[in-house]
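Chains as they are written, first to last, in the working numbering: chain A, 11 to 306; chain B, 11 to 306.
Keep in mind that the hints were calculated from the coordinates and are not lab data.
Quick caveat, the model's predicted, so the values are computed rather than measured.
Do not take every clue at face value.
What the hints assert, rightly or not - Here are the simulated distance ranges between beta carbons: (1) Ser-272/A / Gly-35/B: 55 to 61 angstroms; (2) Trp-29/A / Pro-148/B: 42 to 48 angstroms; (3) Leu-289/B / Lys-270/A: 56 to 62 angstroms; (4) Gly-138/A / Arg-78/B: 38 to 44 angstroms; (5) Ala-247/A / Asp-181/B: 15 to 21 angstroms; (6) Arg-107/B / Pro-56/A: 56 to 62 angstroms.
As the list claims (entries may be wrong) - Computed far set for chain B versus chain A, every beta-carbon distance over 10 angstroms: (7) Met-38; (8) Arg-50; (9) Leu-179; (10) Arg-224; (11) Phe-240; (12) Met-252; (13) Thr-287.
Stated by the list, open to error - With the C-beta cut set under 8 angstroms, the calculated list includes, among others, these residues of chain B facing chain A: (14) Tyr-17; (15) Gly-191; (16) Leu-194; (17) Pro-196; (18) Val-226; (19) Leu-229; (20) Pro-230; (21) Arg-231; (22) Ile-236; (23) His-237; (24) Ile-243; (25) Ala-245; (26) Pro-249.
Don't be surprised by glycine CBs; every beta carbon is placed ideally from N, CA and C.
2 protein chains.
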Amino acid sequence: MFSIDPYQRNLMGNGSSEWPAIEIGDPMGGPTVAVVVESRRPDFAPGDHIQTWSGWQDYAVSDGSDIRKLDEAVAPLSTALGPLGLTGFTAWYGMTRVHDFKPGGTLLVTGAAGAVGSTAAQIGKLRGLRVVGVAGGPAKTAYLKDELGLDAAIDYKADDVEEQIRRALPDGIDAFYENVGGPLFPVLMEYFNPHAKMVVCGTIADYSDTELPRGVNYLPRLITLIHYRFVDIMAFATPYVMHAFPDFLAEMTPLVASGKISYREEFVDGFEKLPETLLTLFDGSHSGRKLIVRAD
Amino acid sequence: MFSIDPYQRNLMGNGSSEWPAIEIGDPMGGPTVAVVVESRRPDFAPGDHIQTWSGWQDYAVSDGSDIRKLDEAVAPLSTALGPLGLTGFTAWYGMTRVHDFKPGGTLLVTGAAGAVGSTAAQIGKLRGLRVVGVAGGPAKTAYLKDELGLDAAIDYKADDVEEQIRRALPDGIDAFYENVGGPLFPVLMEYFNPHAKMVVCGTIADYSDTELPRGVNYLPRLITLIHYRFVDIMAFATPYVMHAFPDFLAEMTPLVASGKISYREEFVDGFEKLPETLLTLFDGSHSGRKLIVRAD
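Hey, can you work out the whole structure from these sequences and the hints?
Here it is as structure tokens:
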């Protein structure tokens, strides 16, 4: 099983990824769930299920230091690519280790119906925040409210999006988990409360842009807001913080196993479907479910 | 003696100041050096020099809780409005308490010839940073290099400013003390190194703008830089951190008294000169010296 993730777009050559870039001819990188075929280590036996970082290839060799054994009795194997994998880790780290968001305030999550955003939003609920999610279209906003139990949802594709934002944020934004970027951010940033904290964890709307947009330049306004509302904006780079992965697994495994953190997956069958499946992440058409491609 | 400071522009009605706004008919706020005329407290005697927050008025009443006695034998009285007053405190707090800038990296200071910026730059030098200052015109950049001993200076008014920036920042920016805002920031932000830290302490170039500029919208680029270079941007609000003022005085008084932190003052005589003197801060014409108006 291959994990399909937005950051893979950036592995390809624009040099802006925090992960090592891949060259033409190299396999695409990323986590997989695999089966041990042959082993010279006593702690891995043929038939064992493991999580690897071997990317888009049929077979790979590991010295055992970069793989971990999975136990289907604890949680479905696919969760090792979703809420108990890099996806969940990205949400957990930003919500708990970059900023330690405190209960009581309003958390805004963009890309909230997606794999990372939905986990971040649920961590926010478990931590006692009022959580508002942004997603595109009525099916996704219904999912945010009805299935994830968020306090409000904003449909960024709706004509009345600014009115929806106003209604959803009567007390402003104390915490912001930014997952998307794009044209909505200048509207949302006006809702920052004093001492608001923001984690930038992705700007998927901007990944494929080769040119900056023209029109109003909102940069001075953001700096002014940071200055007068003492906003703290931070980011983190997953490759540099993997040392926290065991803590993440210890905290999140029971939450996922018990259903307190829910998740949605979508399986695509066929190794050859990998490229086209990745592309669906960037046109806004995909369901928001965690995409996993299964080889035969 | 009345302190003339950029933030006073924002006390007047646009509601964006961290200090309480002043209403029409109220005196302008701000620190002063004054003389005790009459006292009912044993710890203040007529003739004592004090630093007050009474703003632009001839006489004021205090219960003693918001004034401090000054000793001319320790440092000139005017320093209570400059490097040992709110100006110095703003520089010191941003450099030492918001971000604890580490030795070895490159610090960029905008508005570096001004009262706050020059103090921040010198604190940077004392902490072992390579310090690059931005200021307008050859007189100010000469001051940065020759008198403050900065490692490089950038003249933002020069035609070859982008070339100057390239030469001054061969190893990028690790620490950024942002004091100005304005059109140079989108150029400077491209020099952020991974894990760069930025304190936003003023955006004087943007204080009087009522409309956002048009053209290229650099906001998505800043968010992308924050994301991929894990930049940490923070701000602070002086009124909320005044509890650190005694620590600041303890650390900075010997540095100012011994000349390790230097400063430049410009005195204007006449209470009636207060408004026009404040306005000179915003047209780029003033010398960068700390402006102090003396009443008769």
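Among the hints numbered above, which are violated by the structure, and what are their numbers in rising order? 10, 11, 14, 16 and 26
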